[in-house]
Amino acid sequence: MLLRSLFFLTSLSVVASSAAAPSVAAPLIDTPPSAAPWHGKSERLAVPATDPLATPAERSGFQVSPTYAQTIDYLRTLTAASPLLSLHTFGRSFQGRELVYVRASKAATDKPGIRKPVVLVQAGIHSGEIDGKDAGLMLLRDIARRGRDDLLDAVDLVFIPILNVDGHESASTIGRPHQNGPQIKGARTNGQGLDLNRDYARLQSPEIAAVVKLLQTFDPALYIDVHVSDGIDYQYDVTYTYPGWGTYARSRATADWLMTSYHGAVHAALGAQGHVPDLYPSWVDEDAPEKGLRISAEGPRYSTGYGDFVGIPTVLVENHVMKPYKRRVLGTYVLLEQSLKTVARDSARIAAAKAQDRADRPAQLMVRWERDAAPLSTKTFKGYRYETYVSPVSGVRERRDTGEPIDIAMPVFGVRSLRDVALPTAWWISADQQAMIAALRRHGIVMEELKAPRTLTLEAAQLLSGKDRTAPQRVRKQWTLAAGSVRIPADQPFHLLAAALLEPESDDSFLANGWFDNALPFEAQLPRHLLAPLADRMMAQDPALRAAFAEALAADPALAGDPSGRLRWWLVRSPYLDRARWTYPVLAERP
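In this text, residue positions in the sequence shown follow this note's numbering: the first is 232, and each later residue adds one.
Please note that a few of the clues may not be correct.
[Unchecked claim] Listed next, with one range per pair, are the computed distances between beta-carbon atoms: (1) Asp722 to Ala579: 19 to 29 Å; (2) Gly378 to Pro606: 42 to 52 Å; (3) Thr711 to Thr298: 53 to 63 Å; (4) Pro283 to Arg323: 25 to 35 Å; (5) Ala662 to Gln423: 39 to 49 Å.
[Unchecked claim] Derived DSSO-like pairs (lysine-lysine); straight-line CA-CA distance at most 30 Å: (6) Lys444 to Lys522; (7) Lys613 to Lys682; (8) Lys708 to Lys272; (9) Lys444 to Lys682; (10) Lys708 to Lys682.
Hints are computed from structural coordinates only; laboratory data are not their basis.
Think of the CB as a built atom: it goes at the ideal place given N, C-alpha and C, for glycine as much as any other residue.
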């Protein structure tokens, strides 16, 4: 038996009802150590099932999470009984369900002109990962009816109980079989089949479009997105992280607050209540966890990345999937409660950090990166020892847990830049690109609209087609833009988001997101039998180009040995390039 000091990949399932799967027996899934009974001080936060104010989850002993209708009914009961709470609709889902939030505030009794910082908490973006909903219902109950209104003395709470309401109602007893409760879980995707936590840049879903508008309305001091993890087992129960794991955040001042003051306060609060918190672990290779942990930069497609690109402090909570549901919900409650306290205490610092980040004007943006081969650091990780055995089904050695807790020194790998782009003074978009202009407006990007035609010298990015993802050719020439065209200055609060959406080499740009996949150049590329004699004539007639070509060959042996590359070198300097290449419809203004 080979023992290895690391972790196992296993899963845990609640028992599926015979009605849900009448012809299939419940899977025989091993119970990991994480499922063992747990006791902590935070258990005092739960009221007895017989309490009139008990949440639906408490009434079921944390076996069941309420349906959408039951959740709304409970919130209506709470808001009707307390002037501190108000229930609001902020949009509709793809399938037409109302998206709601609760605002918890003492605004009615505050002095006129007081505007408190807002903590915006979002649950159920992946609706099978619903811990945040039940923790939030408990917290609202305690604020409204059990004497915890002191949490609102210096801060307001905006709570979205279920963001992915369509996925929430597409529930199953066999969804996420490795997740330890509740018994019935919603789906990851929304009614369109979209992963909402990949849609912040695209805004293809009504749910994320609505949440982005809510972020613009409240501009929260803190944005919390509550999830449940996947994969490997470990000892931690509540893990959380920040944009770029903090290290690679673009909004540095808010990242510094998150990694120091916020992290220290939340970590201490969870530990004091009997939980085992840590920074959310992401694996180099989940099938070989011994390879280490990774941290990375993020783009604005994610909640954390989006918050980073618009200067909103953002926390991603990832409760451990194999811990009992009650333990996860109580840990989330502790994290949310402490978050309110910490924002109340640090509100001036947070406001200053946000202002600083939005005033910064970086000259360039890292748009592509890869994992660095050398580790950044080493950390002690609380895992479980595992053993391997030969599976009669797979025929190879598989892992299984031994149940022995173990602390392991793990390498942590970061990233290195593959491509940085220099940011222009402004971007220009012609009036015929109204869909793109409208999308930018939905993101809150500042722009200036031309009232009359204007001729400017601007830089264009040219590609083989709208599907081309290679580095574009940059050409600078005069363009005449019609009335209705827009100028998007880089000097604006959401400068990073504008760059990520507009720069063609960004992985979150309109180009990368497939807006122009059907776009083709005016003319086909010159065939080789025409290009070669054209290049020969150009070289014979232009001594300066001939000398530059010789220098390029001497400097680049790969080019010298590539016949097609040698021909392309002349093509891009020919008068036919403009019509043989597609022009990305975002033009750059540079000094």
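Check your understanding: Going straight from one Cα to the other, do Lys444 and Lys522 come out at no more than 30 Å?
Key -> violated (41 Å)
Point to revise | Thr298 and Thr711 - C-beta distance against the hinted 53 to 63 Å | key: Given a distance of about 58 Å, which is inside 53 to 63 Å, the answer is holds.
Review point. Between Pro283 and Arg323, is the Cβ distance one that fits in 25 to 35 Å?
Key: Once the Cβ atoms are compared, 32 Å apart, the range 25 to 35 Å for Arg323 and Pro283 holds.
Check your understanding: Is the gap between the beta carbons of Ala662 and Gln423 within 39 to 49 Å?
Key -> Violated, since Ala662 and Gln423 (Cβ atoms, about 30 Å apart) do not stay within the stated range.
Exercise for review: For the pair we were handed, Lys444 and Lys682, check the Cα-Cα distance against 30 Å.
Suggested key: Cα-Cα ~27 Å, so holds.
Exercise for review: Take a quick look at whether Lys708 and Lys682 sit within 30 Å of each other, Cα to Cα.
Suggested key: The given pair, whose Cα atoms are some 22 Å apart, holds under the 30 Å limit.
Point to revise | Pair hint outcome, Lys613 versus Lys682 [Cα-Cα no greater than 30 Å] | key: violated (62 Å)
Check your understanding: Could one say that the CB atoms of Asp722 and Ala579 fall in the range 19 to 29 Å?
Key -> At roughly 26 Å between Cβ atoms, Ala579 and Asp722 fall inside 19 to 29 Å, so the hint holds.
Practice item. For the range 42 to 52 Å, tell me whether the beta carbons of Gly378 and Pro606 fit it or not. Key: Because 48 Å falls inside the window, the suggested range holds.
Point to revise | Given pair status - Lys272, Lys708, alpha carbons within 30 Å | key: Violated, because 68 Å separates the two Cα atoms, which is more than 30 Å.
Consistency note: the structure conflicts with the earlier hints numbered 5, 6, 7, 8.
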